[in-house]
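Engineer: Going down the list, the protein sequences come from chains B and R. When you line the first sequence up against the working numbering, it's residues 8 to 250, in that order. When you line the second sequence up against the working numbering, it's residues 80 to 515, in that order.
Among the hints, a few may not be true.
Stated by the list, open to error - Among the chain R residues that face chain B by a calculated CB cut under 7 Å, a handful are:
1) Leu143
2) Asn218
3) Ala286
4) Leu348
5) Gly349
6) Phe352
Just so you know, the hints here were simulated from the structure itself, not pulled from any lab data. Note that the coordinates shown come from a computational prediction; the quantities given were computed from them, not determined experimentally. Note that beta-carbon positions come from the ideal geometry of N, C-alpha and C, so glycine has one too.
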Amino acid sequence: MRIRRYLVAGTVLVLAAFHLLMTVVYLSPPNLLRQQFGLLADVYMHPLFYQNWHLFSPNPGVTTTKLAVRYRIDDVWSEWFDPVQQLQDQHYAYRVTGHGKLIYVYRDVALELRRSYGRDVQACLQEQLDAGVPAREALGPGGSCSEEAVILRLLEHPATAMAYRFAIATSLARTPDRDPDAYQFKLLEFYPLNYSERDKVHQRWSQVLEVVFPPLEVIVPSEPLQEAPLASAANSASHLRLH
Amino acid sequence: MNTPLERDLRNLLTRVDGWVTRLTEHEPYLQTQKLFRIGLFAWLFLHTMLLLPFHQEVFGPQALIERVTHENQPWLSWLLTIALRENLQPYYMVFVIGQLVVLAAGILGFAPRLMVVLAYLLTMNLNALTGVVLDGGNNLSQLLLVYLIFINTSGRPTQLQRFPTLRNAVVALSNAAFFVGQVQVALVYACAGIYKLNGELWQSGMALYYLLQAESYTHPWVADMVFLYPWLPFLGTYFTLAFQFAFPTLIWIRSVRPWLLAAGVLLHLGIAFVMGLFTFGLVMIVSYVLFLPNELCARVLRLYGTRRLRIRFSPHRRPVARLVGICRALDIGGRLQIDSTDAAPPARPGRTTASRSSAPLECWYEHAPWLRYTGYAAVARMLAKLWVLLPFAPLLALMHYAGIAQRLCRMMASRDSDNIECAGAPLPGHLMESSD
């Protein structure tokens with residue numbers, strides 16, 4: 008009886024120690040333990056014990072990234088608007104509601120696009136530098152890493168398609184009487200004021216990155232649409248054309 | 080010959096034997112484990128309810144969320160991402176309602192272990208649908224749910240007396256999983272702190288100064304405060320770092336634990352309300368239940384139990400009458416029965432005539448009418464019965480711990496003294512068990 012208790016205790020202890028060891032190895036930075044047991048730890052920890060504790064580390068994301076959207080009706084473009092502003096205001100007012108979580112959905116559209124933009128620029132720049140092209144030339148007007156060139160390449164990217172869907176959905180929500188003829192969005196990234204700039208009372212941001220994507224035209228189909236406008240505009244590309 | 084080595088070995092064996100007995104026979108944290116299960120389930124319930132008004136935009140197939148399914152997955156990954164199948168995505172509400180029902184059943188104590196397993200499966204499926212809205216709090220809740228499968232959260236000792244070895248194994252697993260859960264929470268802080276040390280902004284104390292300017296993690300008046308008083312975020316940055324290193328090292332020292340937990344509650348309330356990460360702050364506070372003493376958890380369970388509370392108050396005391404009126408309006412479950420002092424009170428056992436208490440506010444539980452609470456003790460029990468205040472329980476606990484709640488209560492009523500006899504009297508033995 009006593010022996011069985013010791014066996015049980017020993018087994019449970021070994022299991023617990025193994026689990027804790029795998030957790031520590033999984034979370035540790037590159038080191039000898041990770042080198043030796045990293046693969047085993049990855050296999051063991053996924054999917055039940057997946058974890059990532061980079062909470063605002065090593066450096067917190069301090070920029071504000073968002074999309075500004077506008078639409079055109081009868082050749083007149085609307086003002087650029089922030090589709091998430093109302094949600095943000097509600098989140099500021101009611102801290103204990105789900106608005107904060109919903110903002111994540113729309114913020115991620117902009118963040119993913121920004122990440123894709125950054126990755127493309129980095130990859131392009133590296134390629135050009137390897138080919139002996141100076142960075143200034145690659146990034147300058149007409150260069151293969153210029154803003155226009157990057158945007159053209161990003162048009163094929165899923166993140167851009169998602170951003171266009173977002174622009175269409177939010178524009179349609181603001182125009183219940185009439186569907187717009189075209190939609191456009193721009194990617195904005197706001198950088199906070201540096202500590203040395205804190206006395207600039209009339210300035211909110213240190214700098215703003217602005218990347219304007221080409222407008223999306225709506226081609227009027229010859230036959231009436233079967234689906235609801237929101238679903239057809241947001242989901243089908245057959246009657247939309249990029250300029 | 081009784082050599083010192085033999086003596087020490089014998090002592091060591093005795094201690095090991097005692098330790099093995101404690102691991103395989105004793106369950107010293109039954110109420111803590113039960114309260115933790117209720118707290119975690121309540122958090123998951125709240126999290127899903129907060130997303131329910133936006134269910135189409137968050138869970139729906141047309142949500143602006145990129146969802147990727149992989150072919151040829153291991154069976155466990157497949158089980159945890161069933162909701163991602165294209166033909167099942169339109170039926171996401173089945174998972175949502177299913178999760179809410181399971182969590183409600185789990186909170187009420189119905190088949191706790193089965194509910195934990197079902198809650199885990201449904202939660203993981205919902206999380207697969209809503210990848211982008213998840214944060215560190217969701218990650219921690221997923222891990223704690225796994226550990227909870229092995230922990231005895233019924234609040235009652237494990238039976239299985241007819242199968243002693245099996246009972247030893249179940250008890251040992253429960254105790255080990257409980258400890259591993261505590262270590263997991265400590266690891267969260269340890270990792271977060273170590274990773275932060277690699278960042279220049281954290282090293283220089285400027286992380287919060289810049290972070291609180293980002294729209295997603297601030298509030299307009301907080302952003303203004305940051306410019307006016309830059310030393311506040313500076314101190315906050317180093318406080319965060321200090322706490323994240325202090326927690327995993329000092330939490331195991333019982334005398335320091337209450338201070339550490341109080342500091343943690345403050346930190347996470349700040350994260351919840353200042354930075355707007357409400358659910359993250361709340362789940363970190365819920366995880367602190369793992370470090371609370373069993374006796375305290377037993378008292379909390381009794382306080383928030385389902386037994387009705389009877390209240391008598393003086394309608395002539397306006398602050399008291401106002402408070403009682405608000406509680407009456409918020410009493411969704413009908414757990415308060417409120418009488419004014421004009422109604423005759425029930426007779427206490429051993430007395431031939433009913434006597435009127437002169438306290439402006441008095442309450443007692445229906446099952447123990449001889450045990451009366453007045454003043455702050457009465458207010459605390461009244462507020463504990465209101466379901467709507469449950470998300471604010473950490474804030475109220477902190478106010479109680481710091482003495483703020485008691486001071487506020489004294490300001491409200493001119494006759495403010497607790498009925499120390501009653502509030503301090505121990506409950507009879509058969510009432511020490513949990514209410515469900």
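Engineer: For which of the previously enumerated hints does the structure constitute a violation, in increasing order of number?
Structural biologist: The structure breaks hints 4 and 5; every other hint is satisfied.
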